[in-house]
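Could you put together the complete structure from these sequences and hints?
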Amino acid sequence: MVDFGFELSSSKRIDLDSFDSDLFLKLKAESGKITECIACGSCTSSCSAGIFTLVNFRKTILLIERGKNEEAIELIKGCMLCGKCTLVCPRGINTREIILSINQYYKKERF
Amino acid sequence: MEGDVLVIGGGAAGMETASRISDFNRNVILIEKEQELGGHILKWDRLFPDGIPASDVTKNLKESLGSTKVLLGCYITSIEKREDSNFFAQLNSGETIKCSSVIFATGFKLFPAQKKQEYGYGLYERVITNADLETRFKKGEGLGKDAPKRIGFVHCVGSRDEKICNNQCSKLCCITAVKQAIELKQLYPFAEIFCFYMDLRMYGRGYEDLYLEAQSKYEIRFIRGRVSEISQEQSGLVIVKAEDTLASRPLKITLDWVVLMAGIISERENDYLSQQLSLQLGEDGFIDSVDPIQKTNQTNIAGVFVTGSASGPKTLPEVINEARSTALSVNEYLNKIKNG
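If you're matching them up, the sequences are chains A and B in order.
Residue numbering for the first sequence follows the working numbering, beginning at 259 and increasing consecutively.
Residue numbering for the second sequence follows the working numbering, beginning at 185 and increasing consecutively.
Hints are computed from structural coordinates only; laboratory data are not their basis.
As the structure is a prediction and not an experimental result, all values here were calculated from the model.
Mixed in with the good hints there might be a few duds.
[To be verified] Distance condition first, Cα-Cα at most 16 Å in a straight line; then the derived EDC-like pairs of lysine to aspartate or glutamate: (1) A:Lys286 - B:Glu403; (2) B:Lys293 - B:Glu264; (3) A:Lys270 - B:Glu427; (4) B:Lys265 - B:Asp316; (5) A:Lys286 - B:Glu376; (6) B:Lys436 - A:Asp273; (7) A:Lys291 - B:Glu397; (8) A:Lys270 - B:Glu186; (9) B:Lys436 - A:Asp275; (10) A:Lys365 - A:Asp280; (11) A:Lys291 - B:Glu403; (12) A:Lys326 - B:Glu397; (13) B:Lys282 - B:Glu302; (14) B:Lys401 - B:Glu367; (15) B:Lys401 - A:Glu294; (16) B:Lys227 - B:Asp240; (17) B:Lys217 - B:Glu451; (18) A:Lys286 - A:Glu355; (19) A:Lys284 - B:Glu403; (20) B:Lys293 - B:Glu218; (21) B:Lys436 - A:Asp278; (22) B:Lys425 - A:Asp273.
Dropping the structure here:
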């Protein structure tokens, strides 16, 4: 193929007409509360790991809801399971349990 | 015809004010341009947050009108305040009304959604407004016999938007969208429902609980981002584009129906009356209060009062409470002019 010196980038768009909802539905079934997130960011701001790494729980569950699982798990890789996010969540979402469920879904002990 | 008070507008604000002033043994004349009392809530099915039927409220308001003289199908063609502090209003019927006080209970207008052309209201069959949906609920039609699979609500249509010269928040639409989304989910339990919002303003008692219930019990999904455009597929389905601002990504979704939450704008049809009386209007077109904290229902002209959403978007309980306080202010004013 001729090298034109550039390449097409893949679409970043969230397409809610065709997306992978498997993980989201599993998390919803296990902890119905995942749908109650109000995206306040308390979890992310209280996260010790988030100061030094990409950890962002708010964005993780948002991206899973939009079917962007691969990107989502990148954002919990530095999680130390300290559970501070669970303590601060104003909607009472068991965030730590959800992170463990995501690990389990990918059959990993820890990301 | 002569009376103590002339109330312009037979919606909730006008009816409640009229009945409360009648309680003070005053002669009240209430004029309504339509052939029926009730105003906007006549078109409404159930009211947030508890789902009380709107017709119950209208019925109660009508029943308590007491000795109020009601003139239907009437509007004022001209009005003036004479030097003796009396008002003279000429009606379309040819009749003249002399009174000591005038109350503007002229209400609001729903934003005409076709003005946001990019949303295709009036062009696409499956793009409707909040008011259209209420009419459908009232008729028992819902969205038809074929259960829709996916429905979207677009918040802030005609609100917080400089492009259509309406900067203010209409305040009722957030909770109305949540209420209507829940009602649709109850009608169509298998439908997926999405709300596109900029901010969710759940300020009233019970509103936040309804929002939580919408998320948890009814699984309604809230996407933060203002819809940029709506287009139609050949099949008749509608495609919505927005930014998912929490994910910082453009987003696309195909829906069976889209409901536009048309906001509240000022009722410009009565500007000629406010001009004739030299009433002060805000830039938004709503009538200004002389003091926005302690004299919310008094205008810059002595004897002219404003009540209800003629002075800005209000919920029904707020309108009714304000109507009662207006009745007190008007009664005080009438006592004052009588005693010199």
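Item checked: Broken hints, by number -> 2, 4, 8, 12, 13
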